[in-house]
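Here the protein sequences come in this chain order: A and B.
Note that UniProt numbering numbers the first sequence so that position 386 is 386, with each residue one more than the last.
Note that UniProt numbering numbers the second sequence so that position 90 is 90, with each residue one more than the last.
These are computed hints drawn from the structure, not numbers from a lab.
Note that CB positions come from ideal geometry on N, CA and C, so glycine has one too.
Among these hints, one or two may not hold up.
Pair ranges (Cβ atoms, derived) [what the hints assert, rightly or not]:
| id | chain 1 | residue 1 | chain 2 | residue 2 | range |
| --- | --- | --- | --- | --- | --- |
| 1 | A | Gly436 | B | Ala116 | 23 to 33 Å |
| 2 | B | Thr312 | A | Leu352 | 47 to 57 Å |
| 3 | A | Leu352 | B | Gly14 | 42 to 52 Å |
| 4 | B | Gln146 | A | Tyr10 | 47 to 57 Å |
| 5 | B | Pro136 | A | Leu352 | 36 to 46 Å |
| 6 | B | Pro298 | A | Tyr10 | 24 to 34 Å |
| 7 | B | Ala116 | A | Ser445 | 32 to 42 Å |
| 8 | A | Met405 | B | Met74 | 52 to 62 Å |
| 9 | B | Asp104 | A | Met405 | 42 to 52 Å |
| 10 | A | Lys502 | B | Pro298 | 30 to 40 Å |
| 11 | B | Gly14 | A | Ser445 | 24 to 34 Å |
| 12 | B | Gly102 | A | Gly436 | 24 to 34 Å |
| 13 | A | Ala396 | B | Gln146 | 48 to 58 Å |
| 14 | A | Ser445 | B | Gly99 | 33 to 43 Å |
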Amino acid sequence: MTARSRAPFYVFVFLLIAAGISIATWRHLELGIPWMTGEQRPVWMIEARVDFDALGDAAEVSLHIPEQPPGFRILTEQAASPGYGFSILESPRSRRAEWTKREVSGPQTLYFKAQFVPDEDVTEQTPVRTPRPQAVFWEEPQATAVRELLDQAMERSSSPESMTRELIRLMQPDTRTQNTTLLVSEDNYLQLMVRMLNHAGIAARTADALKLEDARRRQQLVPFLQIYNGERWLTFDPRTGEQGVPESLLLWRQGSESLLDVLGGDNSQVSFSMLRQTVPALQLATLEANQNGLGVLGFYQLPIEEQSMFRMLLLLPLGALIVAFMRIVIGIRTSGTFMPVLIAVAFVQTTLVPGLIAFLSVVAIGLVLRGYLSSLNLLLVSRISALIILVIFITAGLSIIGYQMGFNTGMTVTFFPMVIIAWTIERMSILWEEEGAREVLVQGSGSLFVAICAYLVMSLPLAGHLTFNFPELHLVILGLILLMGQYTGYKLSELRRFTPMKAYD
Amino acid sequence: MGGWISPRRLTRLGMLNMNRRNVDYIARYNERSSYPLVDNKLKTKLAVSEYGVKTPKLIQVVRQQHEISHFREMAEDLDGFAIKPAKGSGGKGITVITGRDGDDFVKASGAHISVAMLERHLTNILAGLYSLAGTPDVAIVEDLVQSSPALAKYSYQGVPDIRIIIFQGYPVMAMLRLATKASDGKANLHQGAVGVGLDIGKGQSLNAVQFNRPITLHPDTGLALENIRIDDWENMLEMAARCYEATDLGYMGVDLVVDAHQGPLLLELNARPGLAIQMANGCGLLPRLKNIEALKRPHFSPRERVHYAMETFGKL
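Full structure from sequences and hints, please.
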């Protein structure tokens with residue numbers, strides 16, 4: 001048999017590891033699952049409050065709510081409004097929250113709450129139909145003023161954006177000319193801008209935005225100007241001419257839809273309060289994963305009971321990795337290849353010290369009883385079976401005694417895998433008879449040492465977090481184990497074992 | 001001699017380590033399908049007999065629990081015999097009876113053992129207590145090896161045996177294993193037996209180790225271990241080399257004993273021979289294994305291979 005080339009193997013292992021890391025990174029970026037435990041994310045809780053005086057008849061209140069504001073994702077939405085029927089109506093042009101009630105009178109207050117997660121990746125949806133500038137008719141003398149202003153702005157600009165900026169600048173009080181003063185009055189400024197831009201052949205509209213500041217109440221929406229540049233809507237601050245949506249700005253309403261419609265009431269107004277909250281990034285990720293269907297790739301949709309079972313199961317590969325490392329690279333002898341992992345899993349549930357005490361006492365008592373069993377001259381299978389039953393008796397006894405003495409930890413013995421313990425006792429006992437107590441001590445302490453190492457790693461919060469939330473990282477573990485399977489170097493223990501060879505060097 | 005040795009020095013010495021043995025030699029040169037042949041002493045006996053390799057005479061095979069009663073009848077007329085589990089490894093479960101004392105049998109250690117105890121031992125063997133994976137096993141009863149006095153005097157009880165590593169049919173390294181009090185009459189190095197490295201060229205002793213530490217005298221018999229010389233060395237090597245044809249195992253350990261009347265006998269084959277032989281020889285296996293691997297035209301007959309090995313690996 002010839003030595004096969006190992007290149008395909010290394011490529012395969014590399015692919016495994018690369019796949020594991022890249023899927024994990026992708027999930028981190030896409031779903032926002034944090035690498036670390038306890039990571040926090042800011043979330044804006046915004047509450048819209050609608051007040052109106054009901055006229056004593058049926059009332060219908062319809063509030064525009066954002067669908068996909070640039071720079072934010074909507075996490076949750078809910079309405080608080082006792083006695084009202086509530087629904088969210090989606091139409092291609094807008095989303096509206098609608099409250100209805102048959103008979104209502106007096107002052108009314110309705111609440112709509114939504115949580116927004118800042119997310120730079122969310123951008124404006126491109127409109128389905130290309131917006132066209134509307135035809136605008138002016139009467140003299142405004143028509144002349146508008147024409148002159150537009151000509152002035154047009155002269156100094158090259159694109160719809162610069163045209164808009166220039167126009168805003170021209171309309172500012174400090175640069176106002178006679179023409180502008182003629183056009184502008186206090187309350188029609190924004191409408192005037194929209195009309196002028198449309199007149200100039202640029203589709204324009206207004207938008208209402210909310211300035212996000214922590215713990216503000218009774219805030220009003222601030223109007224903004226939007227123009228369509230042929231690809232998407234651009235937002236301008238009509239007061240400064242600044243382009244773009246700052247981070248702290250939430251566009252609540254875009255387009256020509258009305259913000260609030262109230263039927264059967266008057267004196268209606270809407271105000272906003274906001275609060276900056278922090279939520280665990282993981283909770284955020286699971287919540288969103290469940291909403292957008294990407295949760296299929298994780299365990300979040302499983303029932304909680306199964307989830308906690310998987311939490312345990314997914315730790316096992318880590319234990320296997322440690323056993324492989326300890327045996328292949330360090331060279332620690334253990335009794336039974338993966339017995340240490342199972343013991344470590346039990347330790348995770350019992351915690352270390354009570355687990356150690358319980359394990360050692362079960363094995364010690366078991367060894368004594370095994371001594372008696374061996375004098376009975378039994379067949380192997382029935383001896384092991386008897387041992388399993390004895391081990392169960394011992395654990396039950398320890399639990400009861402521990403409980404009566406007031407130690408709840410005594411109960412945790414039940415987490416130990418009975419069959420594995422029975423086999424451990426059997427092996428130890430045979431080892432004792434054949435190789436002496438020293439070998440039992442070497443292998444026993446080796447197993448315990450590996451088990452404790454595995455326990456220490458498996459009980460790290462980060463280990464549990466990564467293995468459960470990034471199951472694809474197990475591909476990396478698999479790759480590492482495969483690599484270790486090819487390790488042909490000296491074990492650490494061999495460096496000691498072969499020391500006498502110094503004499504022959 | 002405590003302390004550590006650097007991996008660089010070990011590499012320079014050509015020491016084969018466990019991981020490398022497993023990956024580069026056992027996994028590569030030993031076909032899985034050949035394992036049962038060496039893991040089962042009964043099959044080994046049959047396989048090697050066709051190639052002219054002698055083994056201790058088979059007296060009885062106990063396959064079933066009810067056959068144990070026949071053992072009592074058979075054992076009536078015997079003075080010495082050895083009971084072995086067919087699938088045992090590392091000398092586990094081997095009981096050697098050297099004589100009788102009334103109804104009791106006398107073990108090699110001098111301890112007395114009753115027939116009932118022996119029958120229990122047989123039961124344990126059949127249940128698979130000593131077999132590699134705990135699978136049901138058969139017990140074989142063999143003729144007692146009468147160790148040749150020239151070698152037997154070095155060993156404390158037990159029969160001294162000779163371990164030869166055969167790589168692709170070439171004997172690459174050999175050692176003599178002597179039982180001690182610490183090893184309870186067994187010739188297992190990790191239990192405390194003495195390993196004496198043997199020069200492949202002449203069968204002459206090189207170094208001796210016990211518990212991985214160099215020694216010059218046998219701890220129990222007090223005899224100097226320097227000038228042991230194995231008789232009929234070339235034939236022994238050839239016999240070991242023939243096991244390659246019989247089993248097709250590229251990398252194995254062949255355990256031979258020298259019987260006073262019958263000459264060299266094969267005790268057992270081992271598909272996973274240990275590494276301590278390197279310490280007994282005071283040199284690493286790797287250079288020799290690489291030498292064989294680099295051969296462009298391997299020799300065909302066992303005799304040619306033995307000659308090549310004796311010339312190439314001999315010390316003088």
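### Task
Just tell me: holds or violated, for the beta carbon distance of B/Asp104 and A/Met405 against 42 to 52 Å?
Check passed, 50 Å falls within 42 to 52 Å.
### Task
Take the C-beta atom of A/Met405 and the C-beta atom of B/Met74, compute their distance, and say whether it sits inside 52 to 62 Å.
holds, 58 Å
### Query
Should the hint that A/Ser445 and B/Gly99 are 33 to 43 Å apart at their CB atoms be regarded as holding?
holds, 41 Å
### Task
Could you tell me whether the CB distance from B/Thr312 to A/Leu352 stays inside 47 to 57 Å?
Roughly 56 Å apart at Cβ, these two residues keep to the hinted range, so it holds.
#### Entry: Range agreement (Cβ of A/Ser445 with Cβ of B/Ala116, hint 32 to 42 Å)
holds, 37 Å
### Query
Between B/Gly14 and A/Ser445, does the C-beta distance stay in 24 to 34 Å?
Check passed, 33 Å falls within 24 to 34 Å.
### Query
Does the Cβ distance between A/Lys502 and B/Pro298 fall inside 30 to 40 Å?
holds, 35 Å
### Query
At the C-beta level, are A/Gly436 and B/Ala116 separated by a distance inside 23 to 33 Å?
holds, 25 Å
### Task
Could you see if the CB distance from B/Gln146 to A/Tyr10 stays within 47 to 57 Å?
holds, 55 Å
### Task
Determine whether the Cβ-Cβ distance between A/Ala396 and B/Gln146 falls within the hinted range of 48 to 58 Å.
holds, 56 Å
### Query
CB of B/Gly102 to CB of A/Gly436, is that within 24 to 34 Å?
Holds - the Cβ-Cβ distance for B/Gly102 and A/Gly436, about 31 Å, lies within 24 to 34 Å.
### Query
Using the C-beta atoms of B/Pro298 and A/Tyr10, is the stated range 24 to 34 Å upheld?
The hinted range 24 to 34 Å holds for B/Pro298 and A/Tyr10, with Cβ atoms some 30 Å apart.
Of the numbered hints given earlier, the model fails none.
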